[in-house]
Amino acid sequence: MRSVACCEGEIMRVVVADDAALFREGVARLLTDAGFEVTGKVGDAQALLELVRADPPDVVIVDIRMPPGFTTEGLDAARELRETHPGVGVLVLSAHVEPHYALRLLDSDARGAGYLLKERVTDLGELADAVRRVAAGGLVIDPGVVAQLVGRKRVDDPLEALSEREREVLSVMAEGRSNQGICERLFLSPKTVEAYVGSVFTKLGLHQGPDDNRRVLAVLAYLRR
Amino acid sequence: MRKLWLLPGLLAAAAMLWGGYAVSVPALVLNLAVGWSFIGGGLVAARRRPESRSGHLMIAVGLAWFVRIAGAVENDAAFAVGVATKTLYLAVLGHLLVTYPTGRFTGRWQRVVVVAGYLLTVPVNVGYLLLTPLETQNIVVITETVVPEVPVAALVVLVGVTALGLALLAWLLSRWLRAGSVLRRDLGPVVWGGAAIVLTVVITYVGALLRLPSSVQVVLAWSTEAVLVVWPLALLYGLLRTRLDRSAVGELIVELGAGLPDDLRAALARTLHDPTLQIGYWRPERREFVSADGEVLHGSTYLESNGTRLAVLVHDPALEPELVRAVAAGAALAVQNSLRLEEVRASRARIVEAADAARRRVERDLHDGAQQRLVSVMLALRLARSTDEPGELLAEAQAELGRALDELRELARGIYPVLLTDAGLGPALTSLAERSAVPARVREVPAHRLSPLAEHTCYFVVSEALANVAKHAQAREVLISVRCAAGTVVVEIVDDGVGGANPAGSGLRGLDDRVAAAGGRLVVTSPVGAGTTVRAEFQDLGESFAASVDSDG
Chain C
6 MRSVACCEGE
16 IMRVVVADDA
26 ALFREGVARL
36 LTDAGFEVTG
46 KVGDAQALLE
56 LVRADPPDVV
66 IVDIRMPPGF
76 TTEGLDAARE
86 LRETHPGVGV
96 LVLSAHVEPH
106 YALRLLDSDA
116 RGAGYLLKER
126 VTDLGELADA
136 VRRVAAGGLV
146 IDPGVVAQLV
156 GRKRVDDPLE
166 ALSEREREVL
176 SVMAEGRSNQ
186 GICERLFLSP
196 KTVEAYVGSV
206 FTKLGLHQGP
216 DDNRRVLAVL
226 AYLRR
Chain A
2 MRKLWLLPGL
12 LAAAAMLWGG
22 YAVSVPALVL
32 NLAVGWSFIG
42 GGLVAARRRP
52 ESRSGHLMIA
62 VGLAWFVRIA
72 GAVENDAAFA
82 VGVATKTLYL
92 AVLGHLLVTY
102 PTGRFTGRWQ
112 RVVVVAGYLL
122 TVPVNVGYLL
132 LTPLETQNIV
142 VITETVVPEV
152 PVAALVVLVG
162 VTALGLALLA
172 WLLSRWLRAG
182 SVLRRDLGPV
192 VWGGAAIVLT
202 VVITYVGALL
212 RLPSSVQVVL
222 AWSTEAVLVV
232 WPLALLYGLL
242 RTRLDRSAVG
252 ELIVELGAGL
262 PDDLRAALAR
272 TLHDPTLQIG
282 YWRPERREFV
292 SADGEVLHGS
302 TYLESNGTRL
312 AVLVHDPALE
322 PELVRAVAAG
332 AALAVQNSLR
342 LEEVRASRAR
352 IVEAADAARR
362 RVERDLHDGA
372 QQRLVSVMLA
382 LRLARSTDEP
392 GELLAEAQAE
402 LGRALDELRE
412 LARGIYPVLL
422 TDAGLGPALT
432 SLAERSAVPA
442 RVREVPAHRL
452 SPLAEHTCYF
462 VVSEALANVA
472 KHAQAREVLI
482 SVRCAAGTVV
492 VEIVDDGVGG
502 ANPAGSGLRG
512 LDDRVAAAGG
522 RLVVTSPVGA
532 GTTVRAEFQD
542 LGESFAASVD
552 SDG
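Just so you know, the sequences run in chain order C and A. Quick note: the first sequence uses this note's numbering, first residue 6, plus one each step. Quick note: the second sequence uses this note's numbering, first residue 2, plus one each step.
No lab work stands behind these hints, which were simulated from the structure alone. The reader is advised that the hints may include incorrect statements.
Sample of chain C residues at the chain A side, in silico, Cβ under 7 Å [what the hints assert, rightly or not]: (1) H105; (2) E124; (3) R159.
Here are the simulated distance ranges between beta carbons [unchecked claim]: (4) A/E538 x C/T197: 50 to 58 Å; (5) C/F75 x A/A438: 28 to 36 Å; (6) A/R365 x C/E15: 50 to 58 Å.
Even glycine gets a Cβ: it sits at the ideal position worked out from N, Cα and C.
Given these sequences and hints, build the entire structure.
Pasting the structure below:
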């Protein structure tokens with residue numbers, strides 16, 4: 006079995022929190038198969054917080070809706086972990102295509118956080134990619150959420166000034182991908198991607214942030230305004 | 002102050018008791034009773050109907066009655082006063098009868114009759130006093146005396162009074178015949194009592210003219226006085242009956258409180274004793290008041306609620322306006338309640354219908370969508386089991402499941418906006434605006450959480466309004482704002498579309514129902530060509546809790 010190494014050459018350690026046992030076990034197995042080490046599986050937010058306190062993993066995958074209230078316990082736990090354990094990446098799984106929830110994870114200096122639709126776990130490549138990016142301090146926003154933001158009807162829509170390719174680049178950028186990620190995703194050369202990114206920012210009148218995360222936040226803020 | 006009104010009677014009693022003549026007890030009692038009953042009845046009437054002068058005239062009759070008792074004092078001057086004013090009360094009585102119930106002249110001939118009546122009393126009596134040598138005698142007490150020769154002048158007076166009395170009788174009778182049932186009821190005691198008095202006076206005078214035996218004349222004089230006592234009592238009964246009418250209004254209110262009777266018209270007619278009464282309800286589509294028989298009605302008394310005329314009453318104009326107003330107010334309350342109830346019933350039915358329709362839609366969406374896709378997935382999996390190369394089938398199944406999930410997610414969102422409870426109105430409305438088919442912006446939302454009912458109402462209003470805009474308005478942009486001040490929530494959705502929205506259309510109707518269910522009201526302003534503003538206003542009666550203000554929104 007191949008193993009996924011973290012920055013220091015060790016196997017990446019993941020905790021899965023979901024109240025549905027079948028889903029929890031399924032995700033754990035997928036991750037194990039993909040070479041991650043699942044160090045814990047819990048059914049509610051309280052247990053998750055205790056587990057992380059006792060043995061911090063690299064990444065936690067947490068369902069947004071869990072006992073006891075079945076509202077946003079997972080999201081709240083994720084926000085708490087960002088305070089107490091900034092080094093732990095948090096990937097929130099949700100059934101809601103709501104930018105609001107995704108953006109609650111991302112404050113101005115957000116890092117290592119992600120919001121994915123639950124069903125994405127069936128695409129092992131996408132799941133593993135998201136876990137790795139979050140572990141590395143990156144941001145992950147579900148394509149469905151981005152699609153809603155990009156697809157919003159606007160008066161004098163500035164996005165209409167973008168070419169179709171530029172819009173694709175914008176969307177993938179908003180999903181939290183680096184230029185390298187955009188290259189892989191859209192099958193473009195690094196130089197071409199750089200050019201597209203540059204023209205998107207120019208056309209929208211945006212400033213590229215000092216790092217990828219700032220860039221994502223700027224794009225999301227622009228789309229949400 | 003009112004006790005002062007007893008004074009004339011007391012003076013008269015003193016005059017009769019100690020005036021120097023022997024006055025029998027029945028005569029004393031009868032004289033006092035006549036005077037006081039007129040004054041008392043007049044006082045009550047003047048207070049009850051200040052707009053009418055009849056009360057004052059009744060008091061005047063009583064005073065004129067007492068003045069003539071001066072003749073009971075054994076003194077020349079008192080005798081002169083007594084003789085001069087002996088028949089004055091009859092003139093005032095005529096004045097009262099002719100001008101009843103207003104106490105005011107309404108025509109020239111009325112004035113002529115009344116002035117003639119006054120001229121036939123005091124001036125004639127004074128002339129009699131001056132021209133005829135008389136011995137002072139008790140003129141108050143009725144006694145059998147030797148009938149003197151009637152002088153020609155007196156004969157003229159007697160004939161004049163008789164003619165006037167007969168004219169008055171004829172006029173009363175014709176008035177009675179012309180009156181509607183309400184006026185008859187009102188006039189009854191006055192007319193019959195008055196007619197009896199006039200009749201006895203006329204008969205007395207005719208008796209004097211015909212020189213009937215004095216024993217007969219005495220009986221006639223006594224009967225005149227007896228009628229004079231009873232008549233003000235009849236008037237008092239009339240007044241008392243108005244009181245009874247008022248208590249009938251109370252009964253009507255109690256009856257209406259139990260619900261609008263099947264025949265409101267009959268109930269009102271019964272209470273007002275006006276069988277001709279008609280009621281016309283406002284038909285907004287015809288802009289007319291229409292009776293149950295489809296007749297267009299015009300009246301002067303309206304059943305009003307908050308300045309809106311719900312119905313009109315057509316009634317006998319003789320009805321006491323105050324009484325009609327009281328009845329109309331009670332009836333208005335009942336009609337308004339019934340209209341409200343009708344509205345609530347209709348709105349409740351529509352809400353139930355809308356809920357049923359929504360459930361049908363959900364069933365159809367589930368049945369035609371997700372359920373269908375799940376069947377395909379099952380089929381694909383079944384096929385995959387019996388094939389050597391299941392890869393393509395499994396991929397197909399996975400894709401189909403993905404579509405089913407998408408549909409279920411949208412469906413769940415439509416059934417209940419979880420964001421609303423999780424995060425509040427701001428994020429929920431922002432999400433609605435992001436999904437709106439017409440560009441929409443949320444301009445203003447309260448920073449604090451409202452009660453769940455208020456938040457749901459706001460969300461529903463915005464959601465439905467956005468759907469309406471997308472369907473009908475051809476708008477370029479929609480602006481959404483929610484304000485909350487002092488417990489009043491105002492939701493406003495303004496578009497810049499073609500306007501001309503029909504508030505009775507199903508979409509706006511549903512909104513109206515929803516807002517009404519929250520105790521508020523919906524105002525749609527939609528001039529053709531100038532956009533549409535949907536404004537809902539209601540009280541947030543639920544607990545308003547200040548939850549953590551969402552950074553977003």
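Verification of the supplied hints:
Proximity of C/H105 to chain A holds as hinted, the smallest CB-CB distance being about 4 Å (cut-off 7 Å). At its closest, the beta carbon of C/E124 sits 5 Å from a beta carbon of chain A; the interface hint therefore holds under the 7 Å criterion. Checking C/R159 against chain A by beta carbon gives a least distance of about 5 Å; that is within 7 Å, so the hint holds. The hinted range of 50 to 58 Å is satisfied by A/E538 and C/T197, whose Cβ atoms lie roughly 56 Å apart.
Here the CB-CB span from C/F75 to A/A438 is close to 31 Å, well matched to the stated 28 to 36 Å. One distance hint, 50 to 58 Å for the beta-carbon pair A/R365 and C/E15, holds here, with the actual separation near 54 Å.
Checked against the numbered hints given earlier, the structure satisfies every one of them.
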